[in-house]
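Trainee: Please arrange chain B on chain A, whose structure you already have, making use of the hints.
Taken in order, these protein sequences are the chains called A and B. Going by my numbering, the first sequence opens with residue 1, and the numbers climb by one from there. Going by my numbering, the second sequence opens with residue 1001, and the numbers climb by one from there.
I should point out that these hints are in silico values taken from the structure, not numbers from a laboratory. Just so you know, not all the hints are guaranteed correct.
[As the list claims (entries may be wrong)] Residues of chain A clear of chain B, computed beta-carbon distances all greater than 10 Å:
{"no.": "1", "residue": "16"}
{"no.": "2", "residue": "333"}
{"no.": "3", "residue": "418"}
[Claimed, not checked] Subject to a maximum C-alpha distance of 27 Å in a straight line, what follows is the list of computed DSSO-like cross-link-like pairs (lysine-lysine):
{"no.": "4", "chain 1": "B", "residue 1": "1275", "chain 2": "B", "residue 2": "1342"}
{"no.": "5", "chain 1": "A", "residue 1": "331", "chain 2": "B", "residue 2": "1264"}
{"no.": "6", "chain 1": "B", "residue 1": "1485", "chain 2": "B", "residue 2": "1630"}
{"no.": "7", "chain 1": "A", "residue 1": "238", "chain 2": "B", "residue 2": "1037"}
{"no.": "8", "chain 1": "A", "residue 1": "238", "chain 2": "A", "residue 2": "194"}
{"no.": "9", "chain 1": "A", "residue 1": "571", "chain 2": "B", "residue 2": "1593"}
{"no.": "10", "chain 1": "B", "residue 1": "1360", "chain 2": "A", "residue 2": "238"}
{"no.": "11", "chain 1": "A", "residue 1": "351", "chain 2": "B", "residue 2": "1264"}
{"no.": "12", "chain 1": "B", "residue 1": "1036", "chain 2": "A", "residue 2": "238"}
{"no.": "13", "chain 1": "A", "residue 1": "540", "chain 2": "A", "residue 2": "484"}
{"no.": "14", "chain 1": "B", "residue 1": "1543", "chain 2": "B", "residue 2": "1593"}
C-beta atoms are modelled at their ideal positions from N, C-alpha and C, and glycine is treated no differently.
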Amino acid sequence: MTEEQKNQENSVRYPLFGFPKIIPYAKAHRKTILVMVLCGALVSMIDAVYPLFNRYALDHFIGGQTLDTILPFIFLYLIVLFIQVVTNFISTYFSGKVEMSVDRDLRNAAFNHLQELSFSYFNQNNVGYIHARVMSDTGKIGEMAAWRLMDLVWNGSYLIFMLIMMLSINVRLFFWLLVLVPIDFFITWVFQEKLVTLNRKIREINSRITGNFNEGITGARSIKTLVVEDRMDDDFRKDSEEMRRVSIRAGHYSATLIALVTLMGSTALAIVLWKGGSLTRSGAIQIGTLSVFMSYALSMIDPIQQIVVTLAHLIGIQVNIERFTRLMGQKSDVADTPEVIERYGDTFHPKRENWEPLFGDIEFRSVDFRYPDGDEYVLQNFDLKVPQGTNVAIVGETGAGKSTLVNLVCRFYEPTSGQVLIDGRDARERSQLWLHSNIGYVLQTPHLFSGTVRDNLRYGKPDATDEEIWSALQLVSADDVVKKMDKGLDSEVGEGGDMLSTGEKQLLSFARALLADPRILVLDEATSSIDLLTEHKIQKAIATVIKGRTSFVVAHRLSTIVGADVILAVKDGKIVERGTHQELMKQHGYYHELYTRQFADMAADMVAAQ
Amino acid sequence: MAKVQQSRKTESQKAAAPLAFPTRWSLVISFLRGVKKWYVLFMITSTIVSVLNLVNPKIIGFTVDSVIDSESAEVPWWIAPFVRKAGGLEWLRQNLWAIALFVALVALVRAISRYIAEASSFRASETLVKNMRDDLFSHILRLPYSWHGENSTGDIIQRCTSDVETVKVFLSDQLSQLFVTIIMLFLSLFFMFRINVRLALAAAIFIPVIVFYSLFFHSRIASSFEKADEEEGKLSSIAQENLTGVRVVRAFGRESYERERFEKQNQLYTSYWVKLMRTLSLFWTSGDLVTYLQTLTILVYGSQLAVQGRLTAGDLIAFISYNEMLVWPIRALGRMIAEMSKAGISIDRLRYIMNSEEEKDLPDAVCPPLNQDIEFQHVTYAYENGTDDVLSDVSFKIKGGTTFGILGGTGSGKSTLMHLLDRLYDLPEAEKKDMDSQEAEDQPRAEKKDQPCAESQDLSFARKEEKSVCQGGGRILIGGTDISKIKRAYLRHHVGMVLQEPYLFSRTLSENIAITQPELVMTDVRDAARTASLDETVEHFSKGYDTYVGERGVTLSGGQKQRTAIAQMLIRRPEIMIFDDSLSAVDAETDAKIRAALKTRTRGSTTILISHRISTLMHADSILVLDHGKVSAQGTHEELLKKSPIYRRIYELQVQGSALAERRETE
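Pulled out of the complex, with its shape left as it was, chain B reads as follows:
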């Protein structure tokens, strides 16, 4: 619940900023590229189909009356020239095949138009869905990392799959059906009125009744459907919980209880659906009742008119055919209208994604060389929903080309530090500059920090960048250039980061390692894998580097993943390399081996090692001790042993850990 509210809040907040897609249609229209001509073709051909559909009964009416029944010699104006050419009515009477052929010809034209209409409608909607998916995907890729943190994965995926599907059904099936229905409605009413006004009136009275009844009904039962869906969801999660918790169920011997729980919910869900089915059946059959009553009315009233001589038999047959063509689309109309509201909601849900702002660079973003000094100046940072600062007033300097260690425990803020360096998160000022670069000036930090905080509490709809000033401040410089002025892609391209829990893509191992490379060169892949001590592991796989990783393939252990990620970084030869606790799942021996291999290979680049372990860091040129978001000490290993009590204590515990622990225990 809390999550839902939160996302709603952010949605309304975002609504205050200027939106890329202010209305539903503006979003739909943006997907229409390359689609419009197919829609136009669809409209033309489906209109032809509708017209021909309605011509058919006319031909039949004419054939029955004038040719077969010879009731009236009157030939409708639009058929007259054909009839004359064919040799008059008498000739037709002798050669009925000619009429049959004509009907078949009309049918052929209609079939061809129908094919074009259907096929172009498919083409239009599939192209549109492709545009929609492509836009969504590439937009999501380029949304800031913080956006991904704020929105739940499941929710976004649902938007990208089932909401896209709903919108697709709406734009392909429903919208085109609506078009055809309306065309049919007008044309057949037109013909019906031409045949006989009174009979047409009698028939038409039923139309609004059917449409409104169906519309009313469908909007009424929508909530029942939701309720039934909800119950199904509950049932589904009982099964899910039972299966994931199978050990708990068995270990506590609660199979009977689980059975009871499931059967009870199953019964409840079933009874909801059965009730819903009864309502639906009632609706369908009462719809039938109204429809057939209408037919009866036409039949009886039409017969009466015919007996009175105001209507011919052929006309009545034609009239009944028109009516039959009308009935079903009209009955569907109510449902269609009711379901369209669903599409509106889905479009809004997609609009939320498309309206979120992508990561942007400053207009005058630069690409300076990055193998220079990195400087953190008074960096303070807190996550948007967090209350405490993750980092407070962190300042330090990393000399270009050296190895730098950062030591800190869980929650010390060391990962955030690196996220900031790679601009996964931006320091607030940087965001502000993104918005208007003119105001970029250096204000004293203290002032900036307190002042706008009070404001943003009053204005709950405050714009994001105002609010985020409260998140912190400071600057990060590389070679004297503020990183907010560096092109994001350039920066990230030259900063290699290996995470503690790396994410591998569902591709082969070699594709994963070479994912950043324009071309897959096996020698490079092998080379990188060797440095990362991955080569021996790979040899054990039957498919070697072609082993498929991830969802559909082999699951790698934590250590194997970490080593793959290291290889993935090495192949890029970045100028700044960050190892964020990325050897934690590797045993001590391999850890040492990798570090030795790295040393020879990474000469010239700046290396940042983040770790729990002093053994990983002790040979670094300089080490920073981070404690609860604050710099506790900085220096070489020897210096720190002398001046930092925390460092010394950790060192003692780790290097002589076992001995110490034993002593502790005897105490």
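Next up, chain A with everything else stripped away, as it sits in the complex:
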């Protein structure tokens, strides 16, 4: 957790615990929520009524030494019980339903919103963080809309009904007990505040401990070669000891709270015995009434404690609401204008009938560009014409900013000033989806989705037939990969394609791109070394897929560079050299150095393979 996030956790406070913020999402379920709340209140009311049955039994049956009304008594009890069971079922079931439905709607909203957000958002926030917004914040908010609300309803109405009952039975005893209510609230609140702070601390230490385990396991080799086991051990023990200390302190507070709460209950009871006892002896109330008050005295404390705990929870949930609303309020840096949407449709409702064909002529016209989160221009007054069918290679060291051009071509980002023209028209004149539907994209770390091979290959062309799929596979020599799998095209690739090797994933993603038959192709080559046979296959596959298309290759392999129509060498985010392989080699500049170095590393492998 960063400092900033920690501060947020402390500072966010919305009016009414942020309930108003989630009203738009709860609206669709307002009837269910209404029934749930009413039933919940009824359940609590009946809970407050039960002691009256005891009173009747004590006063009428035992006091009166008669069983004359026993049957109606049983009958009434059963009716009340039946009503309570039914309403209880409805309120808990509906709570579950509301929780899950609100949850679902929030998740859908967040997920769909993310589909339209621009890349700058994804670059500034890591996947884990965004994922938590979609999966866990929504869960917390759903829980709040249902269970925390019901906690308030149940305990609040239980407390109120009990107080009403007491008031209606005996005013004097009622006032004696009423004194305890604010004291209870106060004590519980003080301790709860303390516990919340300590629990936050515990979570923090806990994530440190998890980090330690992570380091101890992933860094095993370094720890062993450096022989620092003892040091790691000592450091770990410091954290685990702190965890123990803080947890015990939290335990001390919660134990004190529990002890105080039981003490309060007994105090209430003692008061009833003392004051109520005198009243009973003087004949002002009957024994049954005394027993009712004793029951109330004992059960009064629990809802008070529950309400305080719920309020503490609600305060905690503010952070989740804040994060969620911030995500939903996030605007995309790259958005289609209303006119474009009018003509070409939006992300989820495309108007394909109005789409023009795309040929693949690309031109950068005096483009200035800096990343939204950066302060330095990475492109300045940049011009480049890429006629249809041209192969552009971009080379440079890892982290040098080779993806910038590709990001602009794909309109993942837009130029700060200047234009990117596609087929002679500004890219912004047509919809993102139109452009994207004509782009093929092969990632450095090939990304497959869980599902079958067929699902994955059809990703860019949902209606591809098996024949088409097989011929695409053959073209990139990936047919062997699929044939060797036990169910062919129906084989599962596992989460993120886990069941396949990197090389195999790469080949399949080439086939996927080929099937989509895009006019523009973007290849981000792999840096990782794979076995030479696959390497060779991939080389061939690249040659196959880029044929006849406008292509941008973020290159790591020599052979792809050599044949390119234009090579752009990137250093520290800027394009330093531009030309064909021969031209650049003659310059003996940066490209020459890069090339020689890469070649040296490859040479050893090449010779060994022969």
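Mentor: Same frame as chain A, but now just chain B:
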């Protein structure tokens, strides 16, 4: 799937060897140090609490009957002396505050005991968890490196975090709750039976019904929970895949498809949970029904008994209070028992880690000087799950104090060679000797290699060391001492190894560099950083050497990491230094600069350079060419140029690489 099966297999294999913790309890007991007294204190105080809980209704019953109602003049034996002292019943009737005070006093004692019980339970469980975490962590640190290779990182971390949590909840909450519940159950039943046997019987009949119903229910829905969790996992991974693959999604324009996929799974998951919620609500409310029916039974039957004169009003009130105290713990009991089975599974998962064997030294391990000749004799090695030998029959000698180069391509086995030298992996014989040092003798290699192989295929539960004989053989000697006889920590301490992709710890730069040093001396850190050409880079960081590295801090580039690792090694001044492709991410100029600096600094130590690049190795005193796990040639640069065609070809390609490639292209 394959991974799971594999780990299961190794688990069952390990089960054949003598285990450190043969049973679940043996493991739990090992964590109990310094904890027992707190558990005892908890048990004593929580018993006091339970007893006092049950005394309360008695006092009330007595007050109602004898004092307020003056129904019976009978005073229970345990209250009688108090009553007498206070001045008899009549005095009490006039002074009810005395009873109130007594109730409050009892409550105070109870509150104090309750505090002690809770606090000691916390102390016990937190200390226990600390023991558990400490033991796990230090055990994992000392497990052989091969163990780390066999087990997936995510799985181990999950065991160390969520399984530890499950066990903690079990040992702190569940076990103590169970104790209290059982005490309460017996005591209140005892009191209830004392009040009225028939009424107590009527009440007690419901207990087994509630417990078994709840137990049955919770074990039944466990699978539904699993199913719902599974669906949540799927949903979560759809989101995860969408986010990591956001470029692919956008580039193929498949946002609608993704939306559909997510919403469909979201709906499926939601409907599972809603169904589960319905079942749960049904269970809760039917539990309520049974509970209140029981209350009704007691009320009606009790009233009848009271009317018949067999029960006093105070007794009935007391009886109802006992019953109320019982109901909730009993309802929780079923759930508790059902959840305990989870803890058992988690303990087993921790037991798997704790039962794996730590790295050990021979009893008579030695610490010889290490700046001597290093000799590899017929080293053959294959990884446990691999089929091909990574190294086959590799023999060579490194003269102490010299610089030795190893040239080889990807997969030539050069890294394995160094892992063996640093004893990250042990050669099979060494492992065998670890087990019983008596049998340590030199057998001819060929015999040893074929013979036990056939055996281990028959015995799928063959012990690990028998199986691993098939992995290879040979010896590695330093100054004539077999390294398997050298103390591991001593050996590793004097062998410095810089890896191609070094791992940095999430600490500051200076702490990383000086991690092996007992004290952080800034001059040493700076000195080492300068030799590794890291100093200029560090100056660019705003916090300099205090820059935090890793997860929570700055991400260093590959080259910066490599240079940090070199500094980290230099500060130790080891006698044997290994650079395993550790300048690969550094540009040529810096590479040369570092090598020049190293040369002056590392005089006297044996230096082993491993590289793809001949320029890195050519000045070494001797160079070994490794090709697919075999020694292809050895000699100085000049010798190799003459006698090794591979070496010569690589040299040509690299030194004249650009020119050659251009020619190739024109061809």
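Trainee: Look at each hint and say if it fits the structure.
Mentor: Comparing the hints with the structure gives:
| no. | hint | verdict |
| --- | --- | --- |
| 1 | 16 | holds (26 Å) |
| 2 | 333 | holds (13 Å) |
| 3 | 418 | holds (22 Å) |
| 4 | 1275/B <-> 1342/B | holds (23 Å) |
| 5 | 331/A <-> 1264/B | holds (26 Å) |
| 6 | 1485/B <-> 1630/B | holds (26 Å) |
| 7 | 238/A <-> 1037/B | holds (23 Å) |
| 8 | 238/A <-> 194/A | holds (23 Å) |
| 9 | 571/A <-> 1593/B | holds (21 Å) |
| 10 | 1360/B <-> 238/A | holds (26 Å) |
| 11 | 351/A <-> 1264/B | holds (24 Å) |
| 12 | 1036/B <-> 238/A | holds (23 Å) |
| 13 | 540/A <-> 484/A | holds (20 Å) |
| 14 | 1543/B <-> 1593/B | holds (25 Å) |
Of the numbered hints given earlier, the model fails none.
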